[in-house]
Amino acid sequence: MTKQNQIENITRLSGTDPKKCMKCGKCSGRCPAYKDMDIKPHQFVMYLEKGKIEKLLASKAIWNCLSCMECVERCPRGVAPAGVVEAVRDTVKRAIGGNGIKAEDIPPIVDEFIPQQLLVSAYRKYNK
Amino acid sequence: MQRIGVFICWCGSNIAATVDVERVSEAIKSEPGVVFSANYQYMCSENGQQLLRNAIKEYHLTGVVVGSCSPRMHEATFRKAAEAEGLNPYMVEIANIREHCSWIHKDREEATEKAIILVRTAIAKVKLNAPLTAGESPVTKRALVIGGGIAGIQAALDIAEAGFEVDIVEKNPTIGGRMAQLDKTFPTLDCAACILTPKMVDCAQSDKIDILTYSEVEDVKGFVGNFKVKIRRKARFVDETKCTGCKICMDNCPSKKGLNEFNMNLNNRPAIYIPFAQAIPNVAVIDPEQCLKLKSGKCGLCQKKCGVGAIDYTMTDKIIEREYGAIVVATGFRPINIDKFNEYGYSENKDVITSLELERLMNAAGPTNGVLLRPSDNTHPKVITFIQCVGSRDLTDCGKPYCSKICCMYTAKHAMLIREKYPDTEVHVFYIDVRCPGKNYDEFYRRACEQYGVDYIKGMVGKVYNQNGKLMVQGSNLIENEQVTIPSDLVVLATAIEPEPSVRKIATLLTASIDTNNFLTEAHPKLKPVESPTAGVYLAGVCQGPKDIPETVSQASACAAKVIGLLVKDSLKTNPCVAQSDESMCNGCSQCANVCAYGAITYIDKEFRLGGGKTETRRVAYVNPAVCQGCGACTVTCPSGAMDLKGFASKQIMSEVEEICRK
Chain E
1 MTKQNQIENI
11 TRLSGTDPKK
21 CMKCGKCSGR
31 CPAYKDMDIK
41 PHQFVMYLEK
51 GKIEKLLASK
61 AIWNCLSCME
71 CVERCPRGVA
81 PAGVVEAVRD
91 TVKRAIGGNG
101 IKAEDIPPIV
111 DEFIPQQLLV
121 SAYRKYNK
Chain D
1 MQRIGVFICW
11 CGSNIAATVD
21 VERVSEAIKS
31 EPGVVFSANY
41 QYMCSENGQQ
51 LLRNAIKEYH
61 LTGVVVGSCS
71 PRMHEATFRK
81 AAEAEGLNPY
91 MVEIANIREH
101 CSWIHKDREE
111 ATEKAIILVR
121 TAIAKVKLNA
131 PLTAGESPVT
141 KRALVIGGGI
151 AGIQAALDIA
161 EAGFEVDIVE
171 KNPTIGGRMA
181 QLDKTFPTLD
191 CAACILTPKM
201 VDCAQSDKID
211 ILTYSEVEDV
221 KGFVGNFKVK
231 IRRKARFVDE
241 TKCTGCKICM
251 DNCPSKKGLN
261 EFNMNLNNRP
271 AIYIPFAQAI
281 PNVAVIDPEQ
291 CLKLKSGKCG
301 LCQKKCGVGA
311 IDYTMTDKII
321 EREYGAIVVA
331 TGFRPINIDK
341 FNEYGYSENK
351 DVITSLELER
361 LMNAAGPTNG
371 VLLRPSDNTH
381 PKVITFIQCV
391 GSRDLTDCGK
401 PYCSKICCMY
411 TAKHAMLIRE
421 KYPDTEVHVF
431 YIDVRCPGKN
441 YDEFYRRACE
451 QYGVDYIKGM
461 VGKVYNQNGK
471 LMVQGSNLIE
481 NEQVTIPSDL
491 VVLATAIEPE
501 PSVRKIATLL
511 TASIDTNNFL
521 TEAHPKLKPV
531 ESPTAGVYLA
541 GVCQGPKDIP
551 ETVSQASACA
561 AKVIGLLVKD
571 SLKTNPCVAQ
581 SDESMCNGCS
591 QCANVCAYGA
601 ITYIDKEFRL
611 GGGKTETRRV
621 AYVNPAVCQG
631 CGACTVTCPS
641 GAMDLKGFAS
651 KQIMSEVEEI
661 CRK
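If you read the protein sequences in the order shown, they are chains E and D.
Counting along the first sequence from 1, when you hit position 105 you're at 105 in our numbering, and nothing is skipped either side.
Counting along the second sequence from 1, when you hit position 398 you're at 398 in our numbering, and nothing is skipped either side.
So that you can see chain E by itself, here it is in the shape it has in the complex:
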């Protein structure tokens, strides 16, 4: 896959148009996992717009994003930073191949204190 194809693919998977971003930073202002994101939500959108996907593909943030979708909810311009994070994560996962986690693997590891949202997020992250 050429780099251009990859950019187009990530953009398509993210379901967002990075050009709509007005660079207000509300997503990063809201992000509850901000400290653990090496690349911040607003930077995900910016790097995609500029085509700097190598940085995104190598980021740790794709594993640290909680997928809480607060950034999507609060964006005044209808951009979905978490959608970009997810698209990059899917791209990386697909390149690695294999299946990380299956639905049936979840019940044994469930702890009653684990928030439901985290499970959904984990399933998104580790399942292809």
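Keep in mind that the hints were calculated from the coordinates and are not lab data.
Take the hints with a grain of salt, since some may be wrong.
To be verified - In silico SDA-like links for lysine to any residue, alpha-carbon gap of 20 Å or less: (1) Lys-340/D with Met-69/E; (2) Lys-60/E with Asn-481/D; (3) Lys-19/E with Leu-395/D; (4) Lys-463/D with Glu-73/E; (5) Lys-247/D with Glu-261/D; (6) Lys-340/D with Arg-77/E; (7) Lys-23/E with Leu-395/D; (8) Lys-55/E with Asn-481/D; (9) Lys-318/D with Asp-287/D; (10) Lys-463/D with Leu-66/E; (11) Lys-463/D with Pro-32/E; (12) Lys-171/D with Ala-204/D; (13) Lys-23/E with Tyr-456/D; (14) Lys-127/D with Asn-88/D; (15) Lys-318/D with Leu-294/D; (16) Lys-23/E with Leu-478/D; (17) Lys-23/E with Pro-401/D; (18) Lys-340/D with Cys-398/D; (19) Lys-257/D with Pro-288/D; (20) Lys-23/E with Val-434/D; (21) Lys-55/E with Glu-482/D; (22) Lys-55/E with Leu-478/D.
These figures come from a predicted structure and were not determined experimentally.
Assemble chain D onto chain E, guided by the hints.
Quick look at chain D alone, frame taken from chain E:
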């Protein structure tokens, strides 16, 4: 025999770059009836017009077709040129080969073909044109201004200055509008009331201005120069001619739970009240929702205490009818509802306030007498955080897609005033962009940063939450690439503004167009910025688009100039392209009268000769040419085909359609 001249304009390269004008001229030459065909670089130029005039003279033209830009641009130019040469101006037709052809096509071959068809179509129409003569209608020399804010006040003062009578209709009990609620004004920081109230007083003292407060426009009929307007004078329960504004009623009113609208509901007022000290007229009004006498019949204290017997609980709404030549719409704005922005916690925290609420908290006549105290516990806030673009530039359902334009400047103003008055206060401003174009505007904002040490943070706020009595403002600092949390005592939201919702009803009454954001549409965004597309209706202030006070005042004066230019005329030339009924075909069904938006159609009983000395009386439609606006609604409604529009007859339209379809 028709003798038609055709003139194709290059419009520089606007048309000629896409349309082969030479080929169009050549192709048209062979059309039946065409005796002259030429093309020229700029038909609208003096030389171009001369070319047209010479051809009319030389070839004795009976009709003219100009293939050029939209008729909105130069139809009048070419009609005048033709008229100067003795040709009836309505024998000139425009084929729009710019907006309808060259500008929207890329392929030269296709565009040229289309241009030829468009010109042929215009030729087909002009062949059926008949000379028309414009009639005249009188002008009522009185103007109506809807809205008594600074826009309406300025427009009314300027119109009155020229000697014309003008009525201000204001729905609130006093004129003054939003500006009266402001504390100081940017960029000079002069007190809003100090510069506004003299103008309010001028309105009250002018013998040309009639102020109708607590009133609303109920119905509008008629057309430019001849509007008939019904105005509802809401029951005030206080006789305006008797009340002296002594406020004894206010002091004695036992019902004190009404929210004080003037102070953005931050404190209470009695059921009988005068909105503020400098109100014009300085006359009390009773809030029927709060008045004990009106609600339960028990009380009547104000009536007992009133020294002049001004209070009348039996008062009812009255409808008055007046005639006007021109109408200025100046209905203004309100801040949007921000309850849905739960990230800022406006509804949960008393100390999260809007900018307009801050204006009242800073104002000497406000609920805190000008001492900045936070609403929750009446203490001095030590850390104040401003959030800009709350609801502006926001494509979600809660916000507005446009920039509200005034917020950057008023936030800089607030920040500066606070730092000036309370130097120990820490002031932060979260911004996306700081937009301060305007004379001395950017300098003003820079002063807030450089001289007053206001901390501007590039980034938006993600959430505001209460932690142990502190408002934690969490947001982005994009320059430092950090997420910051500022513990604040007071949070001020620079709330987006939107047109007063009542403008929708007024726009409908005036048949004035309105955009998706409820802003009234101007006739041309650049060249007719104060005119509505509806003749005789003018727009001033925020009802047309977000703007600050200097711009509003300029626009209001521009409106006044347009109104004066209209009212100074004794009569107006009417459009001769009006509907006409063919009496022999009319069956008197009244359908045309029902659809006419202008009330131009009436029915008369007319006697018709049947031959052999017999007569028959039939009911037939009659169109008043002075009232008809030539919209054509009646022509398409008429079931018998009796109604037709002069200059746009069904026959003419059909011949155009046929010409387009001709291979």
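Pairwise hint evaluation, Leu-478/D against Lys-55/E, where the allowed Cα distance is 20 Å at most: Answer holds: Lys-55/E to Leu-478/D is near 19 Å, not above 20 Å.
Given pair status - Leu-294/D, Lys-318/D, alpha carbons within 20 Å: Holds - the C-alpha atoms of Leu-294/D and Lys-318/D are around 18 Å apart, at most 20 Å.
Holds or violated: Lys-127/D to Asn-88/D, with C-alpha atoms at most 20 Å apart: holds, 13 Å
Distance restraint between Lys-257/D and Pro-288/D, which requires alpha-carbon spacing of 20 Å or less: It holds: about 12 Å lies between the C-alpha atoms, which stays within 20 Å.
Satisfaction of hint between Cys-398/D and Lys-340/D, Cα-Cα up to 20 Å: holds, 6 Å
Straight-line alpha-carbon gap Lys-171/D to Ala-204/D, limit 20 Å: Judged against 20 Å, a Cα distance of about 16 Å means the pair holds.
Straight-line alpha-carbon gap Lys-23/E to Val-434/D, limit 20 Å: It holds: about 13 Å lies between the C-alpha atoms, which stays within 20 Å.
Restraint status (C-alpha distance of Lys-463/D to Pro-32/E at most 20 Å): holds, 10 Å
Proposed proximity, Pro-401/D with Lys-23/E (alpha carbon, max 20 Å): Status holds; Cα separation ~15 Å.
Lys-463/D paired with Leu-66/E [C-alpha distance capped at 20 Å]: holds, 17 Å
20 Å limit on alpha-carbon distance, applied to hinted pair Lys-23/E and Leu-478/D: holds, 9 Å
Hint consistency between Lys-340/D and Arg-77/E [alpha-carbon to alpha-carbon, up to 20 Å]: holds, 16 Å
In summary, this structure violates none of the numbered hints.
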